[in-house]
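Student: Here is how the chains run, residue by residue.
Protein chains: 2
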Amino acid sequence: MWFFFALRICRVAPLATHQGKIRMTTNPTACMILIGNELLSGRTQDKNLSWLSPQLNELGITMQHVHIIPDDAETIVATVNEARARYDYVFTTGGIGPTHDDITTECIGKAFNVAVERNAEAEAILRGYYSFDMLNAARLKMADIPVGATLIENPVSAAPAYKIENVFVLAGVPSIMQGMFAHAKHLLKGGKPTVSRQLELWIGEGTIAAQIEAVQHRFSAVEIGVYPTMKEGKARTTIVVRGTDEKQVVTAMDACETFCDSLGIQRITHA
Amino acid sequence: MWFFFALRICRVAPLATHQGKIRMTTNPTACMILIGNELLSGRTQDKNLSWLSPQLNELGITMQHVHIIPDDAETIVATVNEARARYDYVFTTGGIGPTHDDITTECIGKAFNVAVERNAEAEAILRGYYSFDMLNAARLKMADIPVGATLIENPVSAAPAYKIENVFVLAGVPSIMQGMFAHAKHLLKGGKPTVSRQLELWIGEGTIAAQIEAVQHRFSAVEIGVYPTMKEGKARTTIVVRGTDEKQVVTAMDACETFCDSLGIQRITHA
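Quick note, the sequences are listed as chains A and B, same order. Okay, so the first sequence: first residue is 1 according to this note's numbering, each after it adds one. Okay, so the second sequence: first residue is 1 according to this note's numbering, each after it adds one.
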């Protein structure tokens with residue numbers, strides 16, 4: 001198992017392409033699968049990606065792809081199988097509760113072609129948490145776990161998450177997901193965290209596009225993103241320099257600051 | 001072309017699976033592809049899905065899958081090609097600005113195997129919007145459009161969106177994307193909007209899981225979602241009934257209200 005992981009983690013994955021050049025990272029890669037009709041319909045705004053991605057980055061794991069999919073068995077099985085073959089780690093959120101629309105666990109069983117069975121350890125956890133009259137058949141369903149999975153503690157509401165091979169099956173409620181992840185971190189093997197610097201400017205991005213591109217060409221080990229926003233009808237631009245080599249990131253950002261200052265571009269300062 | 005669309009739109013797509021039962025919708029399906037490293041890293045929270053999905057639903061188009069992917073050419077091309085074969089409509093957001101990291105249009109060209117060329121109409125729009133000294137080479141790049149695409153007006157910042165076959169290529173900045181979509185709506189052919197009713201309760205979802213499932217079994221034409229939240233340590237549950245047949249939705253929600261009232265479950269009311 002660890003040999004399998006080691007092989008996967010050493011794989012070189014493309015991080016980003018600019019103008020045909022491909023820069024590579026040896027960091028492990030991650031994919032999130034956010035499961036729930038309520039996310040797709042726009043009823044619920046996902047908050048798990050923006051929380052988990054920085055957590056993974058601190059461990060040196062790079063988020064590469066996110067799927068948002070409905071509570072549909074065929075879609076869940078196909079998406080999990082595609083993602084676990086392609087990325088080092090897969091994190092699913094949602095669909096592991098007690099109600100009829102919680103179908104993630106049965107789908108994980110199908111995806112791995114293993115049975116989903118009552119797990120004695122998970123059942124004991126639920127029996128310790130719920131009073132006798134509260135632990136009905138629906139809640140006991142949360143102790144049904146794919147055979148071969150490793151349980152992950154849920155410090156918020158007891159019913160455990162689990163890991164099966166490189167797939168981590170987590171809750172959708174953010175506070176519960178976060179509690180579970182704290183108990184899953186030690187199972188992850190990362191690389192080098194990506195660090196970033198940003199510069200906010202009172203200017204339209206198009207005006208300085210050529211200068212930013214020139215800096216990107218000089219520093220191919222970093223990734224420069226340019227993000228436009230508007231405030232009170234005035235164009236603003238944020239330049240973000242990212243990379244795993246902090247020195248390169250700082251030097252590339254210095255180059256951006258130098259050309260901005262030489263052009264007299266006003267920086268946005270936050271008091 | 002319209003024959004092609006008519007064929008696609010009549011396709012029957014699975015909407016949701018519960019316990020092995022598949023309900024079908026004849027509504028056209030949609031996929032969103034949210035392009036940008038800043039979304040994957042967690043730096044920027046996407047706001048386009050939660051805006052576009054209800055807009056499409058009003059037209060009777062069902063959001064079925066969302067991808068969030070990096071500014072990586074290979075990933076963009078592969079994701080666009082997979083999505084346009086699988087769903088009736090595809091909407092991309094992001095990566096059509098003037099800077100070096102805006103690579104969506106060149107990727108769309110590659111995906112469709114067509115050239116990306118300076119579009120005279122798009123160039124005229126940019127020349128009418130920008131003063132001579134502002135219209136540099138970087139901004140003119142926004143007039144490079146895949147051959148065969150239909151331009152879509154951008155009422156906010158001029159540089160047009162476009163549609164090529166069933167793929168709509170939109171901006172990432174929400175206000176710009178929304179303005180573009182207003183000018184793209186007439187190009188879409190929809191079905192029946194999904195309507196929904198919801199009921200918020202002071203109870204843990206597991207306590208009433210069996211009763212909700214019984215209602216789901218009685219009303220197979222609706223989709224019942226159950227969403228738990230916590231407030232000040234107290235468990236709350238929202239039951240959401242959705243479907244294209246409003247009468248069925250209302251009747252199924254009545255059945256939920258009846259069992260909740262009979263069990264004396266306190267409703268959450270919003271003053």
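Treat the hints as calculated values from the structure; they're not laboratory data. A portion of the hints provided could be inaccurate.
No copy labels: a pair is met if it fits in one copy or bridges any two.
Simulated crosslink set (DSSO-like; lysine-lysine; CA at most 27 Å straight-line) [as the list claims (entries may be wrong)]:
{"#": "1", "residue 1": "Lys-192", "residue 2": "Lys-234"}
{"#": "2", "residue 1": "Lys-234", "residue 2": "Lys-189"}
{"#": "3", "residue 1": "Lys-163", "residue 2": "Lys-192"}
{"#": "4", "residue 1": "Lys-231", "residue 2": "Lys-47"}
{"#": "5", "residue 1": "Lys-47", "residue 2": "Lys-189"}
Owing to the predicted nature of the structure, the values given are computational and were not obtained by experimental measurement.
Student: When Cα atoms must be at most 27 Å apart, do Lys-47 and Lys-189 count as within-copy, between-copy, both, or neither?
Tutor: Intra 24 Å, inter 32 Å, cutoff 27 Å: intra-copy only.
Student: Treating 27 Å as the Cα threshold, decide for Lys-163 and Lys-192: within, between, both or neither.
Tutor: Within one copy only: 23 Å inside a chain, 40 Å across chains, cut-off 27 Å.
Student: Indicate which option fits the pair Lys-192, Lys-234 if close means a Cα-Cα distance not exceeding 27 Å: within, between, both or neither.
Tutor: neither (37 Å within a copy, 40 Å between copies)
Student: How do Lys-231 and Lys-47 come out at 27 Å by Cα distance, when the copy is not named: within, between, both, or neither?
Tutor: For Lys-231 and Lys-47, the Cα distance is within 27 Å both inside one copy (25 Å) and across copies (17 Å).
Student: Checking an output row: Lys-234 and Lys-189, CA cutoff 27 Å. Within, between, both or neither?
Tutor: neither (44 Å within a copy, 36 Å between copies)
When each numbered hint is compared with the structure, violations occur for hints 1, 2.
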